[in-house]
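Asker: Chains as they are written, first to last, in this note's numbering: chain L, 1 to 483; chain C, 10001 to 11038.
Any given hint might turn out to be false.
Unchecked claim - Looking from chain C toward chain L, a few residues come up when the C-beta cut is under 10 Å (computed):
(1) Asp-10238
(2) Leu-10304
(3) Glu-10306
(4) Gly-10325
(5) Asn-10359
(6) Leu-10439
(7) Asp-10609
(8) Thr-10613
(9) Glu-10762
(10) Ser-10807
(11) Asn-10811
(12) Leu-10815
(13) Ser-10975
(14) Asn-11000
(15) Asp-11006
(16) Val-11027
Please keep in mind that the hints were generated in silico from the structure rather than gathered at the bench.
For glycine and all other residues, C-beta sits at the position ideal for the given N, C-alpha and C.
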Amino acid sequence: MDTIKFAQQINRRDFLQRAGCSLGAVALGLLGAQDATAKNTEDAIREVATHFAPRAKRVIYLFQSGAPTQLETYDYKPALTDLNMTELPDSIRMGQRLTGMTSGQANFPVVASRFKFKQHGQSGMWLSELLPHTGTIADDICLIRSMHTEAINHDPAVTFFQTGSQLAGRPSMGAWVAYGLGSANQNLPTFTVLVSRGTGRLGTQPLYDRLWGSGVLPGRHQGVKLRTGKEPVLYLANPAGCDTNTRRQMLDQLRDLNEQKYNAVQDPEILTRIEQYELAFRMQSAVPELTDISDEPEHILEMYGPDVRRPGTYARNCLLARRMAERDVRFVQLYHMGWDHHDNLPDHLGKQCNDTDQPSAALITDLKQRGLLDETLVIWGGEFGRTVYSQGKVTDTTYGRDHHPRCFSLWMAGGGIKPGITHGTTDDFSYNIVENPVHVNDLHATVLHCLGFDHERLSVKHQGLDVRLSGVEEHHPVKAILA
Amino acid sequence: MMHPLSATLRMSIPIAMGLISSAHAAAVDFQQDILPLLADRCFACHGPDGNQRKGDLRLDIEAEAKKAVIVAGQPDASELLKRIGATDPDDHMPPSDSGKAALSVEQIALFRAWIADGAVWEGHWAYTPAKVTVPAKAKNTPWTRDDIDGYILARLKAKGLTPSSEATRETLIRRLSLDLTGLPPTLVAIDDFLLDNSNDAYENLVDSLLASPAYGEHMAQSWLDGARYADTNGHQNDFHRIMWPWRDWVIGAFNDNMPYDQFVVEQLAGDLLPEATESQRIATGFNRNNKTVTEGGSIEEEWLVENLVDRVETTATMFLGLTMGCARCHDHKYDPISQREFYEFYAFFNSTEDKGFYNATRGNAGPQILLPTYAQQQELQKMEKKLAALRADLETARVGQTSEYDPWIKSLRDATPAAEATAPVFEAKLRGSLPESALQTSRDPSWTTGVLGSALALDGSAEATLNLSQAVTFDRESPFSVALWVRPDGEGALFSKMDEANAMRGVDTYVTDRGEIITHLVNTWDKNALKTKTGRVLRMGTWTHICVTYDGSSKAAGIKVYVNGHAVPTKVEKDTLTGPIDTSEALRLGQRTSSLFLKGAITGFQVFDQALTAEAIAPHITTALAAALPADISEEQDKALRGFLEQNVAVAVRPQQEAYNNFEREHRNYKQTIPGVMVMQERAEPRPTFLLKRGAYDAPDTSEQLYPSTPDFLHAMGEGLPRNRLGLAQWLVDPANPLTARVATNRLWQMVFGRGFVKTAEDFGLQGSPPTHPLLLDALSVRFVESGWDVKGLLKSMVMSATYRQSSVLNADLLAADPENILYARAPRYRLSAEMIRDSALAASGLLSKKRCGPPAMPYQPLKLWEELAGGASQGPYKQDTGENLHRRSIYTHRKRTVPHPTLSTFDAPSFEYCLARRARTNTPLQALALLNDTTYVEAARHLAQRMLTEVDGAPEDRIEYGFRLATGRRPTASERTTLATGLAGYMTKYGEDSEAAANLVANGDSPAPEALQKDTLAAYMTVAGVLLNLDETITRE
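Construct the entire structure; sequences and hints are all you get.
Answerer: Listed below in C-alpha cells is the structure:
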C-alpha cells in the first residue's frame, strides 16, 4: 500500500511540475484540496506564508456566548457600592443607544456587584470571588478591561467577533487561521468547534453554523464541529454492519477503480479525491482517539473539575482543547452558552462561573506544565458587556443587566501575549472606557499578529473588496500587550 | 511571489486576444490589457472615489489622464510611464506601502506600446453595448456546428491547439442529462439513444431534456442561490417561513421558458404591473427572500437599512453583475458608481411595506399573499364572518356606555340616591378620618384625593396600613361581600383577615402588579382552601371599585369578582375547602398579617352579609360617587374621576373585547397554517431616502433628499418609465442595457461549461475577471436579446455546439497548454453539485421521488443537529420525514440558514444568507465520510443492490455491470469488472460468515429490506453498490 501511495505522489508531482507549479504552492490543509483549476491560482500560494515569525502556532478561543457581565467578574468598581440604586448620571450615559429591551425604562438605577473582589498574583489583579481558580492563573493571563464593540444584539455581535463583520457571510477567525497557517496534523481537522450549554440560563441564545463558516475562503477551511456521543464528526462512523476491515476493502477497491479512471482520463482531481478518502479513513481512528479521554490520569481530571467526566460540558471541552493543542490542531473554538443575564443575574452568573472558572484555569495550567502555553494563544471572552444599571426590578437577591457594547472585559494568555498584566481602564460606572480602548477588530489584528500575520495583508479579494478579518477601517495590534 | 504559471497565463490571454481583435489587430487592446491594470493598481487613489483621491489625479477618465500624465504617441514624455518604471522608491507607483504590486516588465512594455500606438481609450468592455464581431479566423470547418464553434476555434488556432474529438455517446447523454436536468439518464434512455442512428438523435435528446419538468427544478437551483432563498428567516432563532410558493414559481417559469426579460420584470416588480396576477405578485418574493431580524431589542431603522442594502446588492449582482454594495459607505473605488448613486438606486426599494425588525415574529411577516386550498378558503370565509359579528358586538357594547365626562358628571349630580341599596354590616369610609374600630397604628394616617374626595394613602410600608378590631367575621358557610375603592400603584393586599402563621387561615384579596385580583378562603394552605384569580383587569394608578362576593358554598365557583360593578371572569386555582376559615386575626386593609403591603390608596370599604349581585352593586357605586361630588371638583378628584370613567368603559365591554380578541387570535393562528408567500408591496408614501454617511443607518445626510434613479454611467432611464421598481425593471431589460443580457448569458454558459466567460459571474466591473471570449459572449448575448430572451433556445445552441460535444479526457499536452481549460480544447470535467450528487444516487437506486413542488422535505439528518445550536430557543427539533418525502429532489430539502443541511453544505451548497452567483467546488475528506456513511447513501446503496439482484437475471458479473451502468451511465471495462467481482466475492464470504453484520447492514435506512432477498447476498451487493456510488466518475460530470 505504501508503494502505491508513493507512486501516486510521484504521479502527482510529475503532473504539477509539468503544469509549471511547485509542490509548495499546493501544500494544502487537511480538509482537502480544491479543484484542479483553483490550485494553480495565487490564492493557493497565500495559504502558507506568514509575514513574520509567529509567536503562537495555534489558538484556543473560549467564547462565552451571551455576553458575561464585566461588573461581577473582571472590572472591579468599588465606587459603585456608595452609588448603589442611584440613577445613572446623564453625564455618563451621554444619550448612547440602548437596546429596545431597556430603552423604554423610566429609571436606570445603578447596581453594584453583589460579589466581592480581591487581588491575585504578583500583579495584584482584581478578580471577583466567583473566579477563585482564575485567581491562580492571574500571573499567566493578560486581562483587557477596555474591549468595545459596535454591535448591540447577540447575533450581529457574535458574528462580528467571529468574522470581523456584523453581517453574515465573512470567513470566521478559525477559517482565516486555517487558511493562513494550513494544517499541521495529517489526521485531524485544522479548525474544530466545540459547543457546551451553560447551567446559568436555559432557553439560551442560539449559535449558528456560519460562526465557523469559511465565508469567501475555500470551503475546506470551515470549522468542523465535534459533537458528543459516538460520532464526534458528522458521518464519521461506519454504518451498522460495516466493520473497519470491510471499509478498508471498499476503499482499496475504490482507489483501484479511481486509479483506473485516472489512467484513462488523466484528471488530477481524481488523485486528490483518492487522497481525501484516505484522509477520511485516518480521521475515523484519529478523532475517536482524540475524544477518548480514558488515558488521562486522575490528577489531570481532577484539575478540570467534576464536570470533565461528563461529555459535552465546558470542562470536557477544555480538556479536549488541550488534547487538540497537543495534536497540533490550529484553531480550537469553544462556545459556552448561557451568559445572557437580563434578570436573575446573581444566580445565573454563579452557575456560569461554576461551569467555567475551574476548567479555564486548568486549561492554562495544563498547557503550561506541558510547555504548550508559549506556543498556544488562549482567549476568553464574550460578545459585549453588560450595563451598570439594572434591567427590570432590583430586589435584595436579584437584578439583571442589559447589553452594553461600550466596554467589557476579556483575557488572553500564551503565545505572544504579556502575562500578568491588566490593560485598559473604564470609568467608575464601567460604562465608558477612559484609557486604552481595544476595538474588536484590534483584537483580530492582535491575534493575527501573534500568529505571524500582518492583518492588513491577510486578505482575499471578493466582489471588488479586500476582505480582511480586521475589517475595512484602520485597526492595529495592541502593542502594549504583546510580549 | 508571482506564480510562474499564472504569469504565463496572464500573458497568454492578452496575446491571444490581440490576435483576434478586429479593431486593433496585433496592437495592445486598451480594454483587455490596460484598463484592468489601471483599475487594479491605480484607481484606489486615482479613481472614482473623490475622498480617497491623491494628488488630484484621475486615471479613470480619459481627458483627465491625458491632461496630466499620458501624452499620446510619446511614451517618454508620459509621466505615467516614468512613475511605473521608476527605480527610486519615492517616485515609484504604485507606492510600496499601498499593498499594490508593482507592474511587471511585460506590463510596463504593454503600457509603452499602448501609448506609442496613440493611447486609444475606450470604456470598460462591459459598460459598452454588445455587438456582434465575427473573429477573423472564425471559419466554418467540418468541425463547427454552431457560430459558437467559430469563435472557439479562432482562439484555439491562435494558440496552436485543436479541439478534442467528440465524446462517446454514453458520455454525451449523461452530460446532457446532468447539465439540463440535474439527473443522470435512465438505462432505457441510454439504450434508446445508443440505438438511434438518425441525424437528429442528438437534437431530439436535447429537446426532450429541455421539455422535461426536471429541467425547471435543475435550473432553479442556481437561481435560488442567487436569490438567497431559504425556508427560515436566518437571524437568531431562525424561525421557519413559507417562501416555497416563490420557489415553485421559479421552477414553473423555467419550465414554461418564460422570456428572461419577463422573468426579471415579474420578480422585481410583478406587483406593479397593471392588473397584476397572483402569479406576478408571487414572483416578487424574489426580494423578500432576504434574512429578517426577530431578535428582541433590535433597532428597526438599522435593520431596515440592512434589508434594503441586501436588496440593492442582490439586484445589482444578479441582473447587472455589479458590486454596488461597495458604494454604500463611499464612492466605488473601481467602478464609476458614486455613493450618491448607490442611495438613488436604494431609493427604488425604500418604499415597500415591510419592516426592518419583526420582534419575535414566527413565520411570514410583512405583506404577503395567502394561497389557501378550497377548504381553507371556505373556513377562512366562515371565520371572517364570525369575526365581523364579534366586532359588531363590541361596538354595540361600547355604544351603551357613557364615555363623555361632562354628561356623566351631570348624570351623577342628577341621580337620586337608590332607596333600596343594601346596607353594609360594616363600613369604613376612610375619607379623612379613621373608623372607631381602628387599632392604634405606629404613625398617623396620611390622606390623598381620590374619586370620593379624601382617601387613605398607602406607601407600601407596614406602618401605613390599617388594622381594624374584630368588626367582622368570615365563615365558609355564610355568604358575604367585601367592597372598596382602590387606586393600586403596585402589588399588595386590598384586605385580609388571615393568620399567616397558622397556614394562612382566613380570607384575603390582593392585586398583583400585573393588575390581577387574587382571592383566598383558606383553612390550611395549600391543602384546604379556595383560590381564584382574574385576568389583568386593573390598571395601575387608576381608581376602581372592586367587590368580591362569596355565596357560602365552600366552592371556588362561589367567589365572584366585580370590577366597577361588572362581573369579571376568574380562574379557579384551588378548590379544596372543607374546613373552617375563621380566625381571631384583625381585619386589615392594605396588607396581610405582615406582608403584601399595598402601595396606592383606598377608600369606601364595606362588608355585606350577603353575596351582592351586579344589580345590587351598581347603585352603591353611583350613590357613592354622587354623594362625594362637591360643587367645585378639585383638580385631583377630577383626574381620579376621569381615570375611573375611562377604565369603566374598558371594563364594561371587556367580555365582548375578550371574545373578539380570542377569536381574532384564533383567526390569526389559522391563517398562519395557510401557506402564504411574502411579497413586495408599495407603501402609500415612500420613505424619504438620504445618503447615509459611512453607510451608517443613524447618519443620514438630511441636507438633501434623494430620489430613485439609475447610475449615470449606464444608459439613461427612458422618460416614459415610472421612477419605481417597475421602471427599474424595465430599464434593466432595455436592450440598451449593456449588462443584463451579458450577465445572464454568462450564467447560462457557466451552467453547462462549469465556468462563465467572465469567471467572476458576480462582478462584471473593473475588478472582475476579463472575459475569456469577449466576442463570443457579445455574440451570444445579442442573439439572446434578439431571440426574445429565449432561455431554452440559448441553452440549446450552447449544448448543440461542437465545443460542448468534445471529450473531456485530458492528457499531458492539453494540461500543459491550458490547465484551466480556458480555451476549450476539451470539454470540462468537474464534480457535481451537492444537489446533483444526492439526486443522482437516489435516481440510480430507484428511490428518487417524482413528487414536484410544495412544502420543503425533511430528509435524513443526524439527530440533534438543530438542538445543539439552538437549544430551547428555536422551533424545536428537526422532524424527519417518512416514506417518499425522504427521497425527494434536493431542491426541495428544507433550508435552515443557521444550520444548513449537512448533506448539502458538505458539498459546497451555500447557507443561503446572501446572494451567490457561483459556488466553490471543493474536494474534502468530509465529503468522503458523507458519501460512505450518511444514511442517505447507505440506503441508496442497498436499493441499488436490490435493483442489481432483482432486475437482472444472470451471473454476478452481469449484476455488477448493471449497477455500474446505473451509477456511471457506461459499461465497466474488463479490468473494472474484475476489481468489482473480486470485491464482491470477498464480501460474500464476509457476510456469509457473519449473518448478524449482514442483518445490521441491510437494516440501514427507513425502508425495509425485501424479505425475499438473502440478507448476506444483499449485504455483499450493497457493499459493492457503496463503492459504485463513491466512484469519482459517479459524482463527476465528464
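Asker: Give a verdict on every hint.
Answerer: Outcome of the hint check:
Against a cut-off of 10 Å between C-beta atoms, the interface hint on C:Asp-10238 holds, since the closest Cβ of chain L lies about 7 Å away. Below 10 Å, beta-carbon pairs count as interface contacts, and C:Leu-10304 has none with chain L, the closest being about 14 Å; its hint is therefore violated. This hint holds: C:Glu-10306 has a C-beta 7 Å from the nearest C-beta of chain L, less than the 10 Å allowed. Here the hint on C:Gly-10325 is kept, as its CB sits about 7 Å from the closest CB of chain L, short of 10 Å.
Restraint check, C:Asn-10359 versus chain L: the minimum CB separation of about 8 Å is within 10 Å; hint holds. For C:Leu-10439, the shortest C-beta to C-beta distance to chain L is roughly 29 Å, which exceeds 10 Å, and the interface hint is violated. With a least beta-carbon distance of about 40 Å to chain L, the hint placing C:Asp-10609 at the interface is violated under the 10 Å criterion. Hint status for C:Thr-10613 relative to chain L: violated, with the closest Cβ pair at about 39 Å, above 10 Å.
Interface hint at C:Glu-10762: satisfied, since its Cβ lies 6 Å from the closest Cβ of chain L, which is below the 10 Å cut-off. Hint status for C:Ser-10807: holds, given a least beta-carbon distance of 9 Å to chain L, under 10 Å. Interface hint status for C:Asn-10811: upheld, as the beta-carbon distance to the closest one in chain L is roughly 6 Å, under 10 Å. Satisfaction of the interface hint for C:Leu-10815 is found here, the shortest Cβ-Cβ separation to chain L being roughly 6 Å, below the 10 Å cut-off.
A cut of 10 Å between beta carbons decides the hint on C:Ser-10975: the least distance to chain L is about 6 Å, and the hint holds. The beta carbon of C:Asn-11000 is positioned within 10 Å of a beta carbon in chain L (closest approach about 3 Å), and the interface hint is therefore held. Using the Cβ-Cβ criterion of 10 Å, the hint placing C:Asp-11006 at the interface with chain L is not satisfied: the shortest such distance is roughly 14 Å. Evaluation of the C:Val-11027 hint against chain L yields a held restraint, the C-beta minimum of about 5 Å falling below 10 Å.
Hint compliance for this structure: hints 2, 6, 7, 8, 15 are broken, all remaining hints hold.
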